[in-house]
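Chemist: Sequence:
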Amino acid sequence: MKKLIFVLFICGGLILQPIPGISRTETPVQLTDLQEAFARIAETVKPAVVNIASTRIEKTQSYSFRFRSPFGGEDPFEEFFKHFFPPEYSTRKTQSLGSGIIIDKRGYVLTNYHVIERGTDIQVAIGDGGDKKTYSGKVMGSDARTDLAVIKIESKKDEEFPTVPLGDSDKIRVGEWAIAIGSPFGLEHTLTVGVISAKRQNVSIKNNNYEDLIQTDASINPGNSGGPLVNIQGEVIGINTAIFTPSGGFVGVGFAIPINKAKEILTALIEYGKVVRGWLGVRIQDITDELAKSFNLTSKEGALVSEVVAGGPAEKTGIKRGDIIVQIDGKSVKNTSELRSIVSRTSPDKKVPVKVIRSGKEITIDVVLGKSPEGEETISKDEAKNDSLGLTVQNTKDGVAVGKVEPGSLAQNAGIQEGDLIKEMNNKEIKDVSDFEKAIKDSKETVLFLIKRGEATIYIALELK
0 MKKLIFVLFI CGGLILQPIP GISRTETPVQ LTDLQEAFAR IAETVKPAVV
50 NIASTRIEKT QSYSFRFRSP FGGEDPFEEF FKHFFPPEYS TRKTQSLGSG
100 IIIDKRGYVL TNYHVIERGT DIQVAIGDGG DKKTYSGKVM GSDARTDLAV
150 IKIESKKDEE FPTVPLGDSD KIRVGEWAIA IGSPFGLEHT LTVGVISAKR
200 QNVSIKNNNY EDLIQTDASI NPGNSGGPLV NIQGEVIGIN TAIFTPSGGF
250 VGVGFAIPIN KAKEILTALI EYGKVVRGWL GVRIQDITDE LAKSFNLTSK
300 EGALVSEVVA GGPAEKTGIK RGDIIVQIDG KSVKNTSELR SIVSRTSPDK
350 KVPVKVIRSG KEITIDVVLG KSPEGEETIS KDEAKNDSLG LTVQNTKDGV
400 AVGKVEPGSL AQNAGIQEGD LIKEMNNKEI KDVSDFEKAI KDSKETVLFL
450 IKRGEATIYI ALELK
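Numbering that gives the first Met the number 0 puts the sequence shown at residues 0 to 464.
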């Protein structure tokens with residue numbers, strides 16, 4: 000402890016010492032140039048950064064009865080009666096605040112999907128102070144997988160809006176300057192400065208899995224989501240999307256979606272409203288040291304096929320469970336993340352060579368990719384989240400259980416509750432998460448659930464919208 004205090008004292012002393020040869024009124028030319036660069040970025044980028052307010056209608060559930068245990072804690076009778084009396088629902092308006100960047104002079108704004116998710120009224124504010132103008136926004140397209148969306152500013156006349164050039168995120172290097180601009184806590188046009196801390200392939204934050212993110216220590220807070228991360232040239236290199244924090248505040252670990260990832264899907268979002276991706280039809284997992292040993296592999300590179308989807312492109316062409324995919328369409332596959340990325344960027348109906356290791360031998364199989372509603376290969380897991388239904392399920396020793404139901408979702412409106420056990424869907428037995436996902440995929444207009452709730456068994460019909 001004494002050594003630590005001593006070091007801090009010395010560092011503090013160094014900070015207080017004047018730089019030799021420079022008076023207090025002088026500033027090094029390099030620092031002046033850097034300061035000018037930041038000021039120039041603020042002046043050129045801020046006009047194209049918008050504040051987004053998205054209003055949502057949330058439904059909450061409550062029960063007309065309420066029990067209190069004389070011993071404190073939850074009363075067992077309350078849980079008992081919940082199985083026989085339906086909940087009462089009420090609605091309330093909530094508002095989500097975020098940021099965005101104008102990418103086209105016609106008023107197209109790039110932002111995060113989670114900023115506008117389930118929004119019924121979207122307002123886009125440009126400028127600040129007395130120059131602030133507010134417009135209605137229309138969602139042109141969104142993609143939950145990449146957490147990106149495009150909004151169109153609805154102006155009464157053919158206005159031209161300021162834009163910012165998009166950079167090349169593939170060329171960024173760790174240690175380069177990174178400048179975040181947005182509306183943290185509703186404070187428009189806040190600029191913070193940091194560096195590119197790292198480039199991450201996989202990041203898990205609050206049960207959300209992200210791929211291919213830029214990590215930065217430029218301060219990012221609630222309200223920054225959807226705003227740009229720019230380089231020292233004033234080019235957009237990323238879209239700020241998440242922070243890692245144990246306390247709820249910024250602790251120096253923020254993440255942005257690489258702008259090149261957004262470029263790949265912008266046209267599809269604007270023209271079609273969604274992204275159509277290639278689909279191989281396999282469930283995959285990364286190769287651990289133990290698996291590599293079991294399969295007699297000399298490397299952990301590749302994606303292990305743990306399941307082949309019935310009727311999918313992989314099954315039709317002979318890919319089998321236990322195959323290790325090491326190359327597809329001429330591109331090397333180091334892990335599951337790379338395989339999903341390559342497949343999702345490849346157009347459906349394209350014929351691609353897939354190189355696999357099977358029983359120690361390399362073989363190549365030509366596969367015609369399909370079009371998947373989910374748009375990606377899935378990792379083998381014990382949990383699945385369906386955004387369209389607002390439902391998260393997980394494998395348990397008793398079967399597939401409902402882990403979470405989103406307020407105001409289709410699942411909640413139909414009467415599905417947390418803790419329900421899904422026994423059947425559309426009169427077919429549901430043994431695990433894979434059965435659940437397949438049943439959803441095969442459903443057209445309505446899903447018929449057979450639910451076990453406590454000691455009771457009930458049917459619930461959920462209409463897909």
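I should point out that these hints are in silico values taken from the structure, not numbers from a laboratory.
It is possible that part of the hints are untrue.
[Said to hold, decoys possible] With a Cα cut of at most 30 Å, we get these calculated BS3-like pairs of lysine-lysine: (1) Lys-151 with Lys-131; (2) Lys-315 with Lys-437; (3) Lys-443 with Lys-350; (4) Lys-45 with Lys-131; (5) Lys-260 with Lys-170; (6) Lys-370 with Lys-443; (7) Lys-349 with Lys-403; (8) Lys-349 with Lys-92.
[Said to hold, decoys possible] Label pairs and their calculated CB-CB ranges: (9) Leu-186 with Lys-430: 27 to 37 Å; (10) Asn-201 with Glu-361: 37 to 47 Å; (11) Thr-54 with Leu-186: 18 to 28 Å.
Computed from a predicted structure; not experimentally measured.
For glycine and all other residues, C-beta sits at the position ideal for the given N, C-alpha and C.
Chemist: Against each hint, give a clear statement of whether it holds in the structure.
Modeler: Tested hints:
For the hint linking Lys-151 to Lys-131, the alpha-carbon distance of about 18 Å falls within 30 Å, and the restraint holds. Proposed proximity of Lys-315 and Lys-437 is supported: the alpha carbons are some 17 Å apart, at most 30 Å. Our distance criterion of 30 Å between C-alpha atoms is met by Lys-443 and Lys-350, whose separation comes to about 28 Å. At most 30 Å may separate the alpha-carbon atoms for a hinted pair to count; Lys-45 and Lys-131 meet this at roughly 12 Å.
Proximity of Lys-260 to Lys-170 is assessed by CA-CA distance (about 13 Å); at most 30 Å being required, the pair is judged to hold. For the proposed pair Lys-370 and Lys-443, the alpha carbon gap of about 16 Å is at most 30 Å, so the pair holds. Of the pairs offered as hints, the one joining Lys-349 and Lys-403 is violated, with about 37 Å between alpha carbons and a cut-off of 30 Å exceeded. Between Lys-349 and Lys-92 the CA atoms are separated by roughly 45 Å; this puts the pair beyond 30 Å, and the hint is violated.
The hinted window of 27 to 37 Å between Leu-186 and Lys-430 is violated, with their beta carbons roughly 51 Å apart. Roughly 26 Å separates the CB atoms of Asn-201 and Glu-361, a value that falls outside the hinted 37 to 47 Å. Hint check: Thr-54 to Leu-186, Cβ distance near 20 Å, so the stated range 18 to 28 Å holds.
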